[in-house]
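Once you've looked at the hints, dock chain B against the given chain A.
Chains A and B, in that order, give the protein sequences. Counting with our numbering, you get residues 1 to 198 for the letters of the first sequence. Counting with our numbering, you get residues 1 to 198 for the letters of the second sequence.
There's no promise every hint is true.
Any copy, or any two copies together, can satisfy a pair, since identical chains are not distinguished.
[To be verified] Derived DMTMM-like pairs: lysine to aspartate or glutamate, alpha-carbon spacing no greater than 25 Å straight-line: (1) K64 - D83; (2) K134 - D102; (3) K64 - E192; (4) K64 - E87; (5) K86 - D58; (6) K51 - E87; (7) K64 - D84; (8) K198 - E87; (9) K64 - D115; (10) K2 - E192; (11) K2 - D58; (12) K64 - E118.
Simulated from the structure, these hints should not be mistaken for lab results. Remember, it's a predicted structure, so these values are computed and weren't measured experimentally.
2 protein chains.
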Amino acid sequence: MKILTVTGYKGGVGKSVTAIHLATYFSEKGKTVLVDGDPNRTTLSWAARGKLPFTVADERQAMKMVASADYVVIDTPARPHSDDLKELAKGCELLVLPTAPDVLSLQPMLETARDLGEANYRALLTIVPPYPSKEGEQMREDLRRGGVPVFQTMIRRTSGFPKAALAGVSIRDIDDARARAAWNDYLSLGAEIMEILK
Amino acid sequence: MKILTVTGYKGGVGKSVTAIHLATYFSEKGKTVLVDGDPNRTTLSWAARGKLPFTVADERQAMKMVASADYVVIDTPARPHSDDLKELAKGCELLVLPTAPDVLSLQPMLETARDLGEANYRALLTIVPPYPSKEGEQMREDLRRGGVPVFQTMIRRTSGFPKAALAGVSIRDIDDARARAAWNDYLSLGAEIMEILK
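For reference, chain A alone in the conformation it holds in the complex (with noise of 0.2 Å):
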């Protein structure tokens, strides 16, 4: 069993989002369950609007959910404490943090980097805007020279992830070229996240 866990230190960064299509992702790899652990319960309503890929579980159900996994993504709060990171690191196989290319997230991703030292962590890059700003790329930059570990796919900003929200699908079943582009970002992340967990 594969665990994988997406958490952030403050939220509106999507981190739900992230958990949704990396579930969805897996779902093609092998038995996968995401486990709710987000007392929004944003995914346990998103799955219940439509129709997901995989399973998803309350949290206080998930040690009997989870006995026959193959993947398992793990949707948690978010996270202020480093802490309170550094155990979550412990329990999975990679913990993944997504944060938006902002200035204001830039300080604080990397105090959270410098706290969590050796764990198995890669910041994530998301809701970066379209071509031609390069918010994106300075962000993976600015980190990267901040010594923190970034994926380097990043997810672009798409009106097409809260019309899944609202279908209750995951944007890999919604059929146009805005969704397609979504989810060949997730492909990638995906792509990479296989290497890591190799």
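Below, chain B alone, put in the same frame as chain A:
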């Protein structure tokens, strides 16, 4: 994997003591992990002070640590809401609800049980005063009349439990007559649970 969840609608009723000693019982049957899901971290601290015959897992690492377990005992925070208890019951083979034999606990316990309906749970009388007191038997009878499924075994009050907690051991590993009597109570409870799990 068999999962037992120990919870209650209020604290101070021997919840963590029960989780520790059920885990001790099951550690003689197979690989056992106790998951400390209580923010008080009572069982993690207990384990850190001494030596217990099973692993105690921080809830943030639980998924990873239970993957290969035969028996999982989950110690949860006290849950005053019966909706929460219902969700917990769905995530385990058996929900164990410790309660002290006092008149203040009777009414809420009867209400809890009414709300739980057909869920897989048993009430457990704990902190029962020694003979010639009849408080334990009386409460067990009152609960049964109220339609609450109750374990036949009752856990007697003894100073051995705080002693074991301070030493960081199970009461099984304390060598005096009262501690042996207390451990016998848990042996008897464990046998009842094995029957239910069959």
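Verification of the supplied hints:
1. K64 - D83: Close across copies (18 Å), not inside one copy (27 Å); limit 25 Å.
2. K134 - D102: within (11 Å within a copy, 67 Å between copies)
3. K64 - E192: between (29 Å within a copy, 22 Å between copies)
4. K64 - E87: Result: close both inside a copy and across copies, 22 Å intra and 12 Å inter.
5. K86 - D58: both (23 Å within a copy, 12 Å between copies)
6. K51 - E87: The answer is between: 22 Å across copies meets 25 Å, while 32 Å in one copy does not.
7. K64 - D84: both (24 Å within a copy, 16 Å between copies)
8. K198 - E87: within (22 Å within a copy, 35 Å between copies)
9. K64 - D115: between (33 Å within a copy, 23 Å between copies)
10. K2 - E192: within (15 Å within a copy, 35 Å between copies)
11. K2 - D58: both (19 Å within a copy, 18 Å between copies)
12. K64 - E118: This pair counts as between: shortest inter-copy Cα distance 19 Å, intra-copy 31 Å.
Comparing the model with each earlier hint shows no violations; every hint is respected.
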